[in-house]
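Undergrad: Chain by chain, the residues run as shown.
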Amino acid sequence: MKMLTKFESKSSRAKGVAFHPTRPWILVSLHSSTIQLWDYRMGTLIARFEGHEGPVRGVDFHPTQPIFVSGGDDYSIKVWSLKTKKCLFTLTGHLDYVRTVFFHHELPWIISASDDQTIRIWNWQSRQEIACLTGHNHYVMCAQFHPTQDLVVSASLDQTVRVWDISGLRKKHSAPQGALGMSPMGVKSFEAQQQIPQQDIFGNTDAVVKYVLEGHDKGVNWATFHPTLPLIVSGGDDRVVKVWRMSETRAWEVDSCRGHTNNVPCVLFHPTEDLIISIGEDKTIRTWDLNTRTPVKQFKRENDRFWLIAAHPNMNLFAACHDSGVMVFKLDRERPASTLFQNSLFFVNNESQLQSYSFGGKEASMPLLSLKKLAVPWNKIRSISYNPAENSILVQSGENEAGTYSYVPVPKEAIGAADASPRGQGKATAACFIARNRYVTFSKVTHKLEVRDLNDNITKAITLDSDVKDIVYAGPGVILLMTPTKVVSFDVQQKRQIAEIQVNNAKYASFSPDGKYVALLSKHTITLATRKLESIMSMHETIRVKSAAWDDSGVLIYSTLNHLKYALLNGDIGTIKTLENTLYISKVSGHTCFCLNRKGSVEVVDIDPTEYRFKKALVNKKFGEVLRLIQHSNLVGENIIGYLEKRGYPEIALQFVQDPETRFELAIECHNLDIALEEAQKLNKSGIWEKLGKEAMSQGRISVVELAYQQLHQLDKLSFFYLATGDVEKLSKMEQIAESRGDSSSLLQNSIYLGSVEKRIELLNQAGLAPLAYATAKTNGLDEVAQQILEDAGRQSAPDITFSVNSTAVLQPKVTKPIDYPLRVASTSFFEQALTGNMEHLSLEQEAEDGTVSETVSGTAGVEDEDLFSDTVAEEDEGWDMGDDQLDVEIEQEIEEDKADVSGLPGELGAWTRNSKCAAGYIAAGVFEVAAQMLNKQAGVTNFEPLRERFFQIYQASKLSFPSVDDFPSLPAYIRSNPDDSVKAAPFIPGRDQLEPLLHEGFRLFKTNKLQYAVDVFRKIIYIIATLVVHDQDDEEKCREVLTLCREYILGLSIELKRRSLPSSDIKRNLELAAYFTRAKLQPAHRVNALQVAMTQSFKHKNFAMASYFAGEFLKIMPSGSRAEQAKKVKSKADLISTDAVEIDFDPYAEFDICASTFTPIYRGSPYAVDPLTGAKYQISEKGKLCSITQITTVGASASGLRILA
Amino acid sequence: MYLIPEKELYTVLQIFYCARYKEMASADLVHELEFNDVTYQFEATNYQIRSDLLLANYKDALVKINENKKLLSGVSDESELKFLKSELESLLHYAAFLQNPDDSKAHKFFGRDHLLGGLTSLLAGCYYAKLDDYETALKKLHPEEDLENVAFGCYLLLLLSRTTEAEKYLKKNVNNSSAMDTIGYNQTSSWLELSKYGDDLNKSYYHYDELSSSSNTESLKCLVCLLTAHLKLLHFPEAQEVLDRIAAFKADHPQSLTNWESDLLINQIALKFIQSKNDEADVLLSELKAQNPDDAYLKDLAEKQELFDTVVEKYA
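Those sequence lines, one after another, are chains A and B. For the first sequence, UniProt numbering gives the first residue as 1, with consecutive numbering after it. For the second sequence, UniProt numbering gives the first residue as 1, with consecutive numbering after it.
Nothing false has been slipped in among the hints.
Below, in silico cross-link-like pairs of lysine-lysine (DSS-like), each with a Cα-Cα straight-line distance of 25 Å or less: (1) A:LYS1185 <-> B:LYS314; (2) A:LYS516 <-> B:LYS196; (3) B:LYS171 <-> A:LYS412; (4) B:LYS277 <-> A:LYS1010; (5) A:LYS917 <-> B:LYS314; (6) A:LYS984 <-> B:LYS168; (7) B:LYS196 <-> A:LYS532; (8) A:LYS984 <-> B:LYS196; (9) B:LYS304 <-> A:LYS917; (10) B:LYS85 <-> B:LYS108; (11) B:LYS196 <-> A:LYS917; (12) A:LYS412 <-> A:LYS362; (13) A:LYS516 <-> B:LYS171; (14) B:LYS168 <-> A:LYS516; (15) A:LYS1038 <-> B:LYS277; (16) B:LYS196 <-> A:LYS495; (17) A:LYS1183 <-> B:LYS314; (18) B:LYS59 <-> B:LYS130.
In case anyone wonders, no lab produced these hints; they're calculated from the structure.
Construct all of the structure, not just a fragment, from the sequences and the given hints.
TA: Dropping the structure here:
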């Protein structure tokens, strides 16, 4: 048994608690007079009710009405409204503290117990006391109605428990039909009952004591009926829990449960299990076996005394009040154990029986087995794992040390729930099959993972990290290790970690049907990852996550406490439906979601997958599917419209919207002027027309612009619009309108646009601007009109006005055909075309998976960009050194040609060549020509004979053969670099693990003075690296470092070998080579040898200055020891003379390289050639010769550089 | 139609499929297994005959064929009798063909359009496969009638590197759960799985691990397959352990068949090259050349050597 805490509140001492029958609410009454209403699912305080004075000890929700009752130390009982959050009325009558208050399950009654030694029954509808039960001669601590019968049980500090018969009261006060508080009939009947005269409030004729139960040695704090059996349980200050049995005629004590070390303020029966749960001031919650009255388990709180416990009327939940608040918990999990196999589900029902369910037939089998005996007492079966090969299951039950596993055969046919006979059993907190003939058991106590065969023998034992809490099956031979901070994929056979992901407290894992993805479920988080535990996305859920399963199309469907939801790999989530009860999803297939409920049976929930399929199709750019869904389903709602807008698909959202305003906005967003215009006409608002005009103007749809300006009465704009479009006719109309409106300014404007001089002169004249009218007439050559103006003005002579000779009249608008002039092309999207029925030119080929843009699409975009910026691109290219890249291209092309030749290869080898970017892949596939070509182009390899052994090592290392049908050829098999089928096929290339040992071997040979052997080993390393494949850049970098190291060693050793082969007479060359040897970039421990040779030789041949230099270099590396002493001596002696007898070509202070062939210095600035593989330098004269370092490459060959990274 | 083997037939199948042909051929079936059905005895004896053929004990095979003929007198059902007779006849022709590949009667028999009985079509398939006519062999098989036909069809497709097709072939022809429980099905699917990677490969590993961990089913053939699985899974230390087990098995069973020695050597060579023990690999290669100079692996290597020579020449 396990206590699973679901909610905890912090407050002052809590004295009373009650569960709401349907909603996730609890009332908590505090010692401080406050009553709190909590949502225990969300963990939020919904309301506080203030009204009582002093502690409130009892609270209770009405079973059906939105009211609750409370009673406190202010002697009052208050009835509150949950809607208004206010006290509806107060019932007064008690003369001392009210200890408990409860509603009747059926009648409109409240029962209260008080320190005034009475129990009172009230009618909350008439707000009157209808009975007062007297008899107790001390405080009555508790009084409750029987859940079905007309009985009351009370507990008192007078050390008795009393059972009262209230059938008389019912007869007197309630209608025979019952359900008084609920049916109109009942209310009516009750009204009728009101006519009956009230009894004396102290008269007990309506409620008589049936039994007085004596047995407690001290005051009794609590007594309650069993929900179905004729039992009572009580708890008292004598620290004892007592069980009483009743018959029709008598009641007697059955047994006592002893264990509490302080007063027992409250006790109750478990609503469904044969359990008693008591709480104590000893800070414990204890559970007792009802049948044996023996303790089952106790849970202790450090500092808080418990005061009250309440059970949820319908669910497996309990709430306990204590000194610092309240806690809601359940005892044991409610998740039925289950496991899937192909098209069926094996699950354990609430009777601990194994059943199977066929998804095809939607039918559950009869019980196959009873697992009751395999379950740890008072613990549900935690998990089952099915082995189809053996038709057997692994059952795990119990926690920690008590955890057990059992390996049980399953009968082929349901012949009733026979007891399971296990073939293997033992201690474990988790167990699952990992193969048809192996299962693993794990104990989080011992941290041992044991692999067992079907005889239950351990074949392997692995000690896991102490933070591993659970294991989950993750494919043959692989399990997930669940730790508080991460989930690790673990290969059981290899005892090695494959991958890990940081996830906090993941408890469950659900793999997609194709095994590519996994959902890791924590309490409030879902993490989606690849099978290799590469995180894809993570999301938080406020409500606890309960289960998840992937549907056929790769969408995760998950359940929270009260919802079915979905999650796409791109992070989109949504709600599918609200659940009345918590469900655990087992499988999702199309429209059907198969779930297990807490009653241990399968529930089939119909779901509508359209929304998530639509979103998935949209995300994956499966436009055909999107279209199909739009046309054939009812996708509506703000949610989907918002989603489409957010995702940048307003044109699709448009298909779902009816509301003109939203349609208009969406149409504008997707530049659909036709729909926008249609909606604008419906809406006919200035703001709408403005937007439309603006959009139409940007698109150059002048007809719409004109309409918008017309609708907006923007006459100036309209005039200018006609001027711009050359529509003289309409411009004239505008002039007329201006005239009729008496708008001089507009008229002037229009007359200018139209070039109607007479009109303008007339207007100016009318406006009293005769000089301006005269000037206008004069400048436009209308001398007669000008004269008339003069005359009208009474002027005899013309004013002195100078006119420019070059002045011309304002040009009149050029009459053109008013056509649209597209400023911005608003092309129709795929959907718009499709939705308008234009499917001819649409290709669905541009669909791409997982949100990746298809090649066609990106290719087109690329071409467009290139066209737009073609000049720039050309300039940039010139600025780049494209040498290498161009070479690469050449090689790729040539290889492409060769690939055509390898099409005849068996599937696997063909795949290797397709996926290989390195020569080694082709070698392994046996396509030696292409491999050689690659090595030649990349690294200038021309002499292949030394690579023969390596080629065949690679080729043969990946070829296997296994027997199948005897007397016929065996089947070939191939070793890949990664046996995981989700990775691209590539061959296993041997040799990487040999690099380090070979390097050490080379060093050893160097140390032991076997120089030629050492050279051979370093060269072998070069051959391996040249034909290797590595999988990350670090590794590649390391290989390149090793390559350089080998080059330097071969160079140095070759120089030294050459020096040793010289005739003793050739002193100069001897000294030079000894000096050059020191320039090889050897490891310091080895360089001292070179320096020592150079120092000794120089000293020996009286080149003291050189000897002093080499001795100095030597001492820098090795400042102490016998060899250092010798060097010091040499240096001191050489320094005394400090001259060189033989002049050699070696300047210790100059920077130079040594030609690997001629062993002569290549000073900076001198021309040189390079070995393309190792970078060894050569005198330019050596170009074209075989590299003496590698003996396989040509010096100075043009090459793109060796590629070994996969 | 698939037989759901009775206990005694199950034992026979287990021994046959685990390639313990010597054991099978020498077993006193009638006394050891006490058949309660003459058809089962007939079928079991057929397996014995096939074991003899695989061991090239043609005379023994002939004796058993004659014994089986006698059993036919106990079969009253006319159609069943026809069926069994055809199977026996096919065994006779196949045996003749193995002894004399130019046997014209066999050619005539297996070349017929209508072949009655699962074993008959299987042997017809084998006959054409022996002649390297794999397409005809595939056509001759009746996978809908018999699991062994399915197995052989799958094998041929795998041999032709048509793995996906083989997979479909198996799925299409075996779709009931009782057939899926049989050792024959497991064997066939393990070939497929061993040709693949990922979970399938893991499954095949566990299959061979299971077979080789029980004395009832352990055989050199299973161990070689287990070795292959380990190598494909990159379980190199475990592969070495299997090699040790193979050595021990050989020591314990000196009379065991050597049919799978070539496969063993090829796999060992791969492991040696993986371990960069090239010299040891060369020794094993010499051993293979000595034991089975006509092995396809060697032919392929020789071709590759020639190819390499041309490469050397080309760039020299």
